[in-house]
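Residue numbers (the numbering used here), protein chains in the order written: chain A, 1 to 182; chain B, 1 to 240.
The hints are simulated quantities; they were obtained by calculation from the structure and are not laboratory data.
Glycine included, C-beta positions come from ideal geometry on N, C-alpha and C.
Careful, some of the hints might be misleading.
[Unchecked claim] Listed below are the simulated DSS-like cross-link pairs for lysine-lysine, each with C-alpha atoms no more than 30 Å apart in a straight line:
no., chain 1, residue 1, chain 2, residue 2
1, A, 8, A, 51
2, A, 182, B, 217
3, B, 180, B, 215
4, B, 215, B, 136
5, B, 224, A, 182
6, B, 136, B, 60
7, B, 136, B, 12
8, B, 60, B, 16
9, B, 64, B, 136
10, A, 74, A, 182
11, B, 16, B, 64
12, A, 8, A, 74
13, B, 64, A, 182
14, B, 64, B, 12
15, A, 176, B, 217
16, A, 176, B, 224
17, B, 136, A, 182
18, A, 176, B, 180
19, A, 74, B, 136
20, B, 180, B, 136
21, A, 74, A, 51
22, A, 51, A, 77
23, A, 8, A, 77
24, B, 180, B, 224
[Unchecked claim] Label-pair distances were calculated between CB atoms; the ranges are:
no., chain 1, residue 1, chain 2, residue 2, range
25, A, 104, B, 180, 10 to 20 Å
26, B, 181, A, 83, 20 to 30 Å
27, B, 218, A, 108, 18 to 28 Å
28, B, 195, A, 175, 43 to 53 Å
29, B, 72, A, 83, 50 to 60 Å
30, A, 83, B, 137, 39 to 49 Å
31, A, 112, B, 137, 16 to 26 Å
32, A, 112, B, 214, 46 to 56 Å
33, B, 84, A, 126, 50 to 60 Å
34, B, 118, A, 107, 35 to 45 Å
35, B, 72, A, 80, 38 to 48 Å
36, B, 180, A, 112, 25 to 35 Å
37, A, 27, B, 214, 52 to 62 Å
38, B, 15, A, 130, 23 to 33 Å
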Amino acid sequence: MSESTNGKVSLATVWLDGCSGCHMSFLDMDERLLEIAEHVNLVYSPLVDVKEFPEMVDVTLIEGAVSSTDDLAKIQKVRAHTRLLVSLGDCAVTANVPAMRNPFGTEAVYHRAYFENAQLNQQIPNEIIPALLPESRPVHEIVHVDVFVPGCPPHRDAIHYVLTELVAGRTPQVEKYTRFGK
Amino acid sequence: MNRGQVRIVTLKIDGKDVGARENETILEVARENGFDIPTLCHMEGLSDIGACRLCLVEVKGSNKLLTACVTTVQEGMEVTTHSPRLDSYRRMTVEMLFSERNHVCAVCVSNGHCDLQNLAVDVGLTHITVPYLYPKVSIDASHERFVLDHNRCVLCTRCVRVCDEIEGAHTWDLMGRGVKTRVITDLAEAWGDSESCTSCGKCVQVCPTGALFEKGKSVAEMTKRRTFLPYLTSMRNGDE
Chain A
1 MSESTNGKVS LATVWLDGCS GCHMSFLDMD ERLLEIAEHV NLVYSPLVDV
51 KEFPEMVDVT LIEGAVSSTD DLAKIQKVRA HTRLLVSLGD CAVTANVPAM
101 RNPFGTEAVY HRAYFENAQL NQQIPNEIIP ALLPESRPVH EIVHVDVFVP
151 GCPPHRDAIH YVLTELVAGR TPQVEKYTRF GK
Chain B
1 MNRGQVRIVT LKIDGKDVGA RENETILEVA RENGFDIPTL CHMEGLSDIG
51 ACRLCLVEVK GSNKLLTACV TTVQEGMEVT THSPRLDSYR RMTVEMLFSE
101 RNHVCAVCVS NGHCDLQNLA VDVGLTHITV PYLYPKVSID ASHERFVLDH
151 NRCVLCTRCV RVCDEIEGAH TWDLMGRGVK TRVITDLAEA WGDSESCTSC
201 GKCVQVCPTG ALFEKGKSVA EMTKRRTFLP YLTSMRNGDE
């Protein structure tokens, strides 16, 4: 594991098509966050105020499936600027709940959201909100993923274990700590 | 079965000498002796069909892998239950089961109580390497008390066998071939309209996943009760 400035491992977390539950579980490590913070610099995340993904990050945790044009652009950029990419949680690993739309197609989803359930100004947005991809897919079907941490969400102990192992330069064996679903 | 006339054979499982009755399957003998072979379509009390392929074992002298649940033991057999080749085939089999339907563990009634979910752990799966198919399949909620969700069906046919062999109704069967195979009630009619279904619920209890569940059960609430099955079977066989 290469290290960033001041001898710490640089860590990023990215939120694609997920419910933020994996980030909540990350925060649920509570006081153990302090222990982790001694070894890592959180350089990019929905939890910190950095707008641009850094030039190179040691470890990036990905929450969420790849569902929109924005997700697709983000994941490709993140992969290009990350040494070790971690699929965190079932949406990243299996596409999970976001993929429940796949059998129906995007037209049906748009219609449901912006016509059937909209009372005012019924129209499909064509700016600001990124377009949906034809299907929601797991991250590893789009870019190479190095470590998989299933779970909905992965338990805080699983996340703590994974981060501790990665910081120590070891490959985590997550099977004992988490699985698909709960 | 008259046990008095059954001969005893000896064989090796993973290098260990074991004794067995000649009419036992490799799976039975392996489990009696504490060897762990994963299964999905097998259920104690029902006939075995070798459908899920998870119990494949290596037998010395055979260049084919054999399903332990339907292969009877033979004198001098040398069985291997775990090897890198078997482990990789089992993992691939479970991966394909996950990719073939829409198994969304997180929102499933059987989350935490599911044989498929447990299998994923047993074979060391953390992700699925084959592409997901995301088929569009239906849900039949026409029965008064139970629901059939094809999204979660793994085609183990435990429901078909318990309905035929134990309940004697044969409401369930299979229709179609390959990836398009579906479990059906009667002649592919709505379950609620079935004239043969006795609503006994045995199919629901033996189903390994959340494909068959009781109405009113929410995420992770569906636990299956299966203790009735060995009891019914042993009564039928006239055992003690």
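Where does the structure disagree with the numbered hints, that is, which hint numbers, in rising order?
6, 7, 9, 13, 18, 26, 32, 35, 37, 38
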